[in-house]
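There are 2 protein chains.
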Amino acid sequence: MISQTVEYALRSVISIAQAGGRNITAEEIARNTRVPVSYLSKVLQLLVKAQIIMATRGIHGGYSLTKSADSLAILDVVNAIDPLKRIHGCPLNLTTHGNQLCSLHRRLDAVLQEAENVFGKTTISDLLAESPVHPPLCEVAQVGVPVTVGAVTV
Amino acid sequence: MISQTVEYALRSVISIAQAGGRNITAEEIARNTRVPVSYLSKVLQLLVKAQIIMATRGIHGGYSLTKSADSLAILDVVNAIDPLKRIHGCPLNLTTHGNQLCSLHRRLDAVLQEAENVFGKTTISDLLAESPVHPPLCEVAQVGVPVTVGAVTV
Numbered sequence: 172m173i174s175q176t177v178e179y180a181l182r183s184v185i186s187i188a189q190a191g192g193r194n195i196t197a198e199e200i201a202r203n204t205r206v207p208v209s210y211l212s213k214v215l216q217l218l219v220k221a222q223i224i225m226a227t228r229g230i231h232g233g234y235s236l237t238k239s240a241d242s243l244a245i246l247d248v249v250n251a252i253d254p255l256k257r258i259h260g261c262p263l264n265l266t267t268h269g270n271q272l273c274s275l276h277r278r279l280d281a282v283l284q285e286a287e288n289v290f291g292k293t294t295i296s297d298l299l300a301e302s303p304v305h306p307p308l309c310e311v312a313q314v315g316v317p318v319t320v321g322a323v324t325v
Numbered sequence: 172m173i174s175q176t177v178e179y180a181l182r183s184v185i186s187i188a189q190a191g192g193r194n195i196t197a198e199e200i201a202r203n204t205r206v207p208v209s210y211l212s213k214v215l216q217l218l219v220k221a222q223i224i225m226a227t228r229g230i231h232g233g234y235s236l237t238k239s240a241d242s243l244a245i246l247d248v249v250n251a252i253d254p255l256k257r258i259h260g261c262p263l264n265l266t267t268h269g270n271q272l273c274s275l276h277r278r279l280d281a282v283l284q285e286a287e288n289v290f291g292k293t294t295i296s297d298l299l300a301e302s303p304v305h306p307p308l309c310e311v312a313q314v315g316v317p318v319t320v321g322a323v324t325v
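Chains as they are written, first to last, in the numbering used here: chain A, 172 to 325; chain B, 172 to 325.
Since the hints were derived computationally from the structure, they do not count as laboratory data. Some hints could be false.
Remember, identical chains collapse to one label, so a pair may be satisfied in a single copy or spanning two.
As the list claims (entries may be wrong) - Straight line, CA to CA, 27 Å or less: simulated DSSO-like cross-link-like pairs of lysine-lysine:
| # | residue 1 | residue 2 |
| --- | --- | --- |
| 1 | K213 | K256 |
| 2 | K220 | K292 |
| 3 | K256 | K292 |
In this text the structure is predicted, and so the values were computed from the model without any measurement.
Put together the whole structure using the sequences plus the hints.
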């Protein structure tokens, strides 16, 4: 139901938000999110294109959010990558249905509506604030604590 | 969120249920569901393999459900084609998370849980009973009324 690309994009956005305003490199994001580098490159491009994040070149370059984490909802990231397609009319184009959904499509759309609700009302800063003990990507969120990636402490 | 193949499988199962026990041919299902014949063939094979439907050869052959429509849930069809993958543990394998989901994965799983609930408690016969005015695939459900497919009345 939630594509791998969306999952990776959400991890990336959280990692960038956790950097707290400083530019974060693709290598750091890959390490934090455990997204394969080649896949991450595509995800970051999509997020830049959707103006969720921006890239800065140079020695202190990297990625940052285009707006604050408290005004960026999960839904913004989902819709930038793989938009939720609510069902507004009969997908079979049945003339007798018109804009009225049958029982099947009402059920399918109910699930999409719930996803839209949950994702629309949750911001990236909500996600960071709600898990003080186990924040997303927590092994990289504990500033000053060594980070273990696989068997390597960095 | 809901794949095209799942959507087509649900339409197919509803069409077979609407046949009320008689074997229905792939051509009839294609006409009722408006699924392209080549795609439908793949979908029917998946449903047969999952033992949701069975195929009978011969002059009155065709497809029928393996069990009654009131004991077949939407979820059975979804899971036969593109299973809902609930999130039971940290997808990043973070040792500090273990089986506790972070705020991100709790939200993603909440949507999957809602889908599982809605789809699990709704049977195919519920779908047929709930839309007396506009049942699924209604232009074929009105027995005795000519069916218009595109510009052709059959």
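Right, here's what the structure says about each hint:
1. K213 - K256: Classified as both; 22 Å inside a copy, 24 Å across copies.
2. K220 - K292: within (23 Å within a copy, 40 Å between copies)
3. K256 - K292: For K256 and K292, both the intra-copy (18 Å) and inter-copy (23 Å) Cα distances are at most 27 Å.
The structure is consistent with each of the numbered hints, conforming to all of them.
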